[in-house]
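Each of the two chains sits in its own frame; use the hints to bring them together as a complex.
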Amino acid sequence: MNGNPAVPSKLLRIPLGGKALKQQTAIQVLKFPKLKRASVGPGLRLADVTFRAAMVCCALSVLAIVGFILAELVLQSRLSLHTFGWNFFGRQAWDPVAGDFGALPFIYGTLVSSLIALIISVPLALGLAVYLTEMCPRSLRGFLAFISDLLAAIPSVIYGLWAIFVLVPLLRKYVEPWLAASFGWTGLFTGAPYGIGMLAAGVILSIMVIPIISSITREVLKAVPRQQREAALALGATRWEMIRIGVLRNARAGIVGAMILGLGRALGETMAVTMVIGNRPEVAKSLFAPGYTMASVIANEFTEATGDLYLSALVEIGLALLLLTLIVNALARLLVWSVTRGMPASTHA
Amino acid sequence: MDRLATAGAGAAAFVVMAPLIAIFVYLVVRGAGALSWAFLFNSPRPVGESGGGIGNAIAGSAVILGIACLIGVPLGIGAGVCLAEYGGGRLSTLVRFVADVLNGVPSIVMGIAVYALVVVQQKHFSALAGGLALGIMMIPTVTRATEEMLLMVPRSIREAALGLGVAEWRTVVSVTLRTALPGVITGIMLAFARVAGETAPLLFTAFGNQFWNWNVNQPTAALPLQIYTYAISPYDEWHRQAWAGALVLIVLIVGTVALVRWVTSRGVMKGTG
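Chains as they are written, first to last, in the numbering used here: chain A, 1 to 349; chain B, 1 to 273.
This is chain B alone, in the form it adopts within the complex (with noise of 0.2 Å):
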């Protein structure tokens, strides 16, 4: 019985990564074969011309994403230092677990919201909405990252700087902040690879775009939102464009995520001791 225990878990977690394996080769395999420079750079060509490309999209993602960064991570980080330092009391729990609900909340849902709140206000799809969008989505990570890390600074290193004359304030940001800095910019990316790969809240907010476009209050390509797009067409051209906007989109969001590990690997706060 035991060794059928065994047997049964070791089968369970191969089966478990099967699929993964498998989605990694069918990627490899069939996105490379689309991947060139031409298709990093330019926009997308009608069906049947040759050399249609991504760049748009990559360019709209990294725009969306760095309006996401400005919105969220600040947010988080202020959220945070606030449960952390000034915390205690009722408003912190109630402000935990609303970060909490806040993270459970579908992302299709967070798109409604987004588009109720900005897209029919301001009378058109944009890059803002779909940045604030995802910023929302990064705060709760954000937070919580936050959170843990400053609790995680040792009680001698605030008392030290406090003893010193130094303000409240500035011993929070230049000391204990300063200290916890590498596992807070661990929380940050971790939120920024979830949000990398959403669709959902961008499809009526940015919207999506087949030209070059840098305005923010324009409607915006985006890398996940062109990988759909492609996907579900009838066209076998645009089924391999998509295989390789998801090469590309995964060797950003795993390089994201083993950029992590290894920073952690090799001791995060080695200012402290």
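Extracted from the complex, chain A is given alone in its bound form (with noise of 0.2 Å):
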């Protein structure tokens, strides 16, 4: 890296070398000392001056819109705060008629919708990147890699398109009758195989949350110092154990990043969601049952809403799914970073 940056890996996954690696973490860290301005007369200094202030507006900027979002949100959502309090997210309420209005349905809906998808995504995702990291054979990385990226690539208009024509007619014609006949005791699977309903939108969440789990635990099993891995394969160990014992073991704090980081994804995933909940606003044990989420009520009421307590109740949904947002990921950033121990995050679609 001594004169000839290499290409963005960070931003781009293209694997480095571990010294180059370490070399750009070493860029990073190390912060350029002030370099003295020249004082050549004062029309320069303004120029200097006026440049540094343009930029260092630019940046707080970005603190001014979330600023004005949250404010937003909090004053559009005053009304329904003030009418209902706290039991708004206790309650099963939703009568637009009536005045009536309880969060718990949507809350139900998208607490279970990704816990689905996160129970369908999290072996698949590392298994992919377990696969594309240690075991696949490197001319195909490039390949498979750049696939992975693709899927986290697509709009999640067309995930709902194809999972309204070509995954519901599968769950209701051959998936659903089967989980009713094998596991239907439990109670999860019971009632009219629609097709559409709470078990079609964990899937669909699945398949969108599964490339970024996927590439962020790539990142942190790369993170994995090379020693690691050779001590355990000069101890005798199989590749599997110095995978089990060498690598995931000491990534173990960043892959539960990662799967944080995508269950963040998945509870503000709104389109996919909409199209295939069935949007009813209950809370029922089966998973065929159509359900509706945070996300979905406001995408699909938002612009019909009548009155303001309707609206009002509305955005503060938007407030609350908000601040869950948020917190999960901080949590999943705090995990991954101090395994990845600071290095710039790649971008995640």
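Since the hints were derived computationally from the structure, they do not count as laboratory data. Just so you know, these numbers come straight off a predicted model, no measurement behind them. Each residue gets a CB set at the ideal place from its N, CA and C atoms; glycine is no exception. Watch out, some of these pointers could steer you wrong.
[Said to hold, decoys possible] So these bits of chain A aren't anywhere near chain B, every CB distance computed over 10 Å:
1) Met55
2) Leu63
3) Trp94
4) Pro155
5) Gly160
6) Pro193
7) Ala253
[Stated by the list, open to error] Distance windows between CB atoms, simulated:
8) B:Asn215 <-> A:Cys57: 25 to 35 Å
9) B:Glu49 <-> A:Phe143: 22 to 32 Å
10) B:Ala22 <-> A:Gly191: 19 to 29 Å
11) B:Ile21 <-> A:Leu323: 20 to 30 Å
12) A:Arg244 <-> B:Trp37: 22 to 32 Å
13) A:Ala53 <-> B:Arg90: 45 to 55 Å
14) B:Gln121 <-> A:Lys173: 42 to 52 Å
15) A:Pro177 <-> B:Leu91: 53 to 63 Å
16) B:Arg90 <-> A:Thr238: 46 to 56 Å
17) B:Phe14 <-> A:Thr238: 38 to 48 Å
18) A:Thr306 <-> B:Asn42: 27 to 37 Å
Shown next as structure tokens:
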């Protein structure tokens, strides 16, 4: 990296070798000492000061934007907050005609669909990440990584389109009857197999979340120092044992962080879920039943909300969703950072 | 056990690839049938009439994305330059953290915020509001890319310029930023590819439109919005058009991502050395 900076790896996930990676980290950590401004007269100083002020303004605008978002959400939801108080999140009503609102079905729907997504996606994403970093033949690696990044780039409305016309009939004809026959006794797979419902939402969410978990896990696995792997192999471990003991155990915190980041993405996902969840604001035990999530109710009913209380209730749901996502994302970033130790996180779509 | 683990991981990789391939296959098979020049250049017709298209949606998307770039790119580059060149200290850490927070805001919540900020004040939906929402979503990606690229420019280049008497601001703009430009453009294209497919923020900012509209202060159609409307409709004809529209959208986005990959694989900073 001495005079010829390498390709931006963290941004595009092209693997750098160990030494270049360390040098890149070193550059990040190095703070350039303030180079003395040439004092060639007041004219140049003014330009410098103006330019620097403009750049700082841009940076401060980021802070201002987030501040505005939070402020607007709180302001618009004041009416609903005063009317319902904290009970809003525990009530099961959703009656726009009578002006009776409660957010429990949506919170339940969001959490359950995200949970299903995590249960399905985490083993698959971990398997994919381990395969790509440890087991894949080198020639195939770039191609598979590219395909995995493509999965992350597909817009969610296209996932939803595919889900309505391909996934849902598949679930309705084959998967749900089989689940009802084999596991119906659990109470989770009862009721008419519509296809559309909580299970469909969970499955499409899992497909959307796999690339994120997988790519961050790949970063985390690559950050495990080579000595760990070599030490395990030197002690006589098989390849799987080396992966399990030398790599996965070290990267545990980062992998959990990747999972939580995937959860954060699943919580905020709107379009694909709206198209397959069935839009019924009720809490139901069966996974076949239609449900509703916080993002879906906003997407469906916001432009048709009559009355201030209705709109305010929707904005309050949006505020709750925002806070939930923020907390989850912050927790995830903390965990991932603790493993990659402050190396710039790669962008995730 | 070792072989079992290898087989398991390979199976996981295959299971992950399968839906992706399925999506692409369905897009091509179902979408290609409805694609035609008329489709790309006409505006929607009522159900039952043939010849409808998504021309206005493509044009509307172009306008909205143009506004988004106008808002997101300068702010993002400015913030990135500030973090890289004038950084260090608590303000930088705060800005970086808040940019990450902004990245994690759900897109529908962004739509609500811009609705409250712009649409309610103006009392009508507009492409401006839609562009603002998408532009804000671009900022964190562009900022992070700019900062990383600028930090990778070797110190020697900066010092050489300053040693020749170039003003500090001029160094940053004409020397450092120009050297890092390919990487910055990569970041911009990645952010663009991400927001090009976003529907949720546009639902109540740009709102959608059945007709051609070049006025940025009016509700405007957008390609993802049109796909959504067609997909949840009960008409087969509109379903076919949804598939075709989705094919157009995915070609645009995959094309951008592939272009980014190709440009960077050829070597980014050819100017240094």
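Distance rule for leucine 63 of chain A, whose beta carbon must clear each one in chain B by more than 10 Å: For leucine 63 of chain A, whose nearest Cβ neighbour in chain B is about 5 Å away, the distance does not exceed 10 Å, so it is violated.
Could one say that the CB atoms of arginine 90 of chain B and threonine 238 of chain A fall in the range 46 to 56 Å? holds (49 Å)
Cβ distance range 20 to 30 Å for isoleucine 21 of chain B and leucine 323 of chain A, holds or violated: Roughly 38 Å apart at Cβ, these two residues miss the hinted range, so it is violated.
In terms of Cβ atoms, is chain B entirely out of 10 Å range of tryptophan 94 of chain A? Non-interface label on tryptophan 94 of chain A holds, nearest chain B Cβ at 18 Å vs cutoff 10 Å.
Does the beta carbon distance between glutamine 121 of chain B and lysine 173 of chain A stay inside 42 to 52 Å, or does it fall outside? holds (50 Å)
Would the least Cβ to Cβ distance between proline 155 of chain A and chain B come out above 10 Å? violated (2 Å)
Beyond 10 Å from every chain B Cβ: check whether that's true for methionine 55 of chain A. Violated, since 4 Å does not exceed 10 Å.
Measuring from beta carbon to beta carbon, are alanine 53 of chain A and arginine 90 of chain B in 45 to 55 Å? violated (18 Å)
Whether the CB-CB distance between alanine 22 of chain B and glycine 191 of chain A falls inside 19 to 29 Å: Once the Cβ atoms are compared, 27 Å apart, the range 19 to 29 Å for glycine 191 of chain A and alanine 22 of chain B holds.
Exclusion check [alanine 253 of chain A not at the chain B interface, CB over 10 Å]: Given that every Cβ of chain B is farther than 10 Å from that of alanine 253 of chain A, nearest at about 18 Å, it holds.
Could one say that the CB atoms of arginine 244 of chain A and tryptophan 37 of chain B fall in the range 22 to 32 Å? violated (57 Å)
Decide, holds or violated, for the assertion that all CB atoms of chain B are farther than 10 Å from the CB of glycine 160 of chain A. It is violated; glycine 160 of chain A is separated from chain B by about 7 Å at its closest Cβ, not greater than 10 Å.
Checked against the numbered hints above, the structure breaks hints 1, 2, 4, 5, 9, 11, 12, 13, 17 and satisfies the rest.
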